[in-house]
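4 protein chains.
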Amino acid sequence: MPQKKRKFIAVIGGSQCSPEESKLAEAVGRELARRGAVLVCGGLGGVMKAACKGATSEGGLTIGVLPGDSRRQANPYVQIPIVTGLGYARNIIVVKSAQAVIAIDGSYGTLSEIGHALQDNIPVIGLGTWSLSRNGQPGDSIIPAENATEAVEKALDLATN
Amino acid sequence: MPQKKRKFIAVIGGSQCSPEESKLAEAVGRELARRGAVLVCGGLGGVMKAACKGATSEGGLTIGVLPGDSRRQANPYVQIPIVTGLGYARNIIVVKSAQAVIAIDGSYGTLSEIGHALQDNIPVIGLGTWSLSRNGQPGDSIIPAENATEAVEKALDLATN
Amino acid sequence: MPQKKRKFIAVIGGSQCSPEESKLAEAVGRELARRGAVLVCGGLGGVMKAACKGATSEGGLTIGVLPGDSRRQANPYVQIPIVTGLGYARNIIVVKSAQAVIAIDGSYGTLSEIGHALQDNIPVIGLGTWSLSRNGQPGDSIIPAENATEAVEKALDLATN
Amino acid sequence: MPQKKRKFIAVIGGSQCSPEESKLAEAVGRELARRGAVLVCGGLGGVMKAACKGATSEGGLTIGVLPGDSRRQANPYVQIPIVTGLGYARNIIVVKSAQAVIAIDGSYGTLSEIGHALQDNIPVIGLGTWSLSRNGQPGDSIIPAENATEAVEKALDLATN
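Here the protein sequences line up with chains A, B, C and D, keeping their order. One point on numbering: in this note's numbering, the residue at position 96 of the first sequence is 358, and numbering is uninterrupted. One point on numbering: in this note's numbering, the residue at position 6 of the second sequence is 268, and numbering is uninterrupted. One point on numbering: in this note's numbering, the residue at position 1 of the third sequence is 263, and numbering is uninterrupted. One point on numbering: in this note's numbering, the residue at position 4 of the fourth sequence is 266, and numbering is uninterrupted.
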């Protein structure tokens, strides 16, 4: 059962993104696949699609946890479509199914996924995403990375659960 | 059907909290009840229990959307226990069932609820809770309030959907 | 907190129904309200709407656990709209939030609710609904009732959890 | 992306089962793998474990959609653990992620899955499972099969969505 031994890493971010973010997500996907990790994401466009594209270009395995009722909703680079019908509540499944999370930019949906991940003690590595502070104290819960390779290395190092 | 005409306001925050936060939550609950709003929360302890206690002390109606499998999980001030069995995914239901959200301090679960609320365009009023910034830009998505009365007034003003 | 002391009974059935089923559901709703029970349902049309109409005509309290993202989806007789955004997964919340379930006719969605209720040891009273057998053995898990009054009496008797 | 082209078939049934049911589930898993189908299940013991064991013995791919909060809950033959934290609500994801469902015996959880599948027009093939009738009319919604090979053939034939 080699898949189970492989590390599962989630890539989260907006379903629409800039060309730069798309390039970054694709690089993260490629790097994850090269190192044998399984990519988990929300299965749609933007950051999710770019990451899946990168992963499959290197022969990686991609899981898309979809919000809607049809597997056809998945981007073309998703190999394992999981159909939830739960709407945005599927965000929780994306992070819970991963041993570490890489957040690339992203909007409020990404913020909710970061919250769910940190609540479950799943490490979150950030590439240009949200910064958090609480009651005026800076929160250092999101581990910053400068580039795709650093993000993937940190994610794999921390994916120990 | 008077209940439906009433505004539904969620109070979110930690299931454990300091005496000061508890006092604040109770004041929020009281103020909501005085103004005829229905209180929605996660139904457990801490901020949730204090808010329910405040609301019922003024004759208000309290809804607790519970994570577990039993109505007995609800704090004693919940009048309408909704039993989901969904774990923390019930956070989404708390915010979706409200027309505005008041966040009191809180940890990562509260952060995920803030994310879900903002994603759904549900206004979030903050009392000493998370601050957000994105890509180095301050995010002003959470509307600050100085005290319970101001938080409730802002929540009711913004609860228009 | 009188509401919590009241018994919570779910009425489940199709979102479209015949005039006879509608009359039956309305009678069930009326009878529940007369006996002080809180009505829980899926909040939409058909059997759900008729039951809510009956309950409110007798001053009862009605909760609608909605599949979609908006409280406006509720039928006009729902007083407490719970907005889940979970699609049909909300069926589980309808039955879990009740201490007994009355099933009126209904299609596959109702069947899934019956399965979830029986799995949780929540009694199911049937008015012209599914019959079940397993491996050729008749299953007697659904308690039959002849009319609305009998169904409500059985539901309230069995609602002990 | 060969996985996506492969058919996804769910095997549902009790988390505890008799030796005969276990043998039957293992045969179904083997047959699915031989024909290149991906096995989706609830990831736990009993029928689920036996089916995964059969599938992996033939080099098949197995997905376990878990109710709890940890990937460690999966049986040892699950290759792709999907962690939902949703409790029994995960049943819906099992059937929605499949293009056809094979039900092996099973109790009320299985019944709820059958209801969800039929509601979504996902074909259900039954091996010694529930029989349904509605309002005294036999329901023929569950397609019977005599043995594992026939069940798998019917499932693959009907898995067209």
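Be careful, since some hints might not be right.
Chain copies aren't distinguished; within one or between two, either way the pair holds.
Okay, derived cross-link-like pairs now, BS3-like style, lysine-lysine, Cα gap no bigger than 30 Å in a straight line [what the hints assert, rightly or not]:
#, residue 1, residue 2
1, K267, K285
2, K269, K315
3, K285, K315
Derived from the structure by calculation, the hints contain no laboratory data.
Comparing the hints with the structure gives:
1. Proximity of K267 and K285 under a CA criterion of 30 Å is satisfied in both settings, with 28 Å inside one chain copy and 27 Å between copies.
2. Taking identical chains as interchangeable, the C-alpha atoms of K269 and K315 lie at most 30 Å apart whether they share a chain (18 Å) or sit on different chains (21 Å).
3. For a Cα distance limit of 30 Å, the shortest separation of K285 from K315 inside one copy, 10 Å, qualifies, whereas the shortest one across copies, 40 Å, does not.
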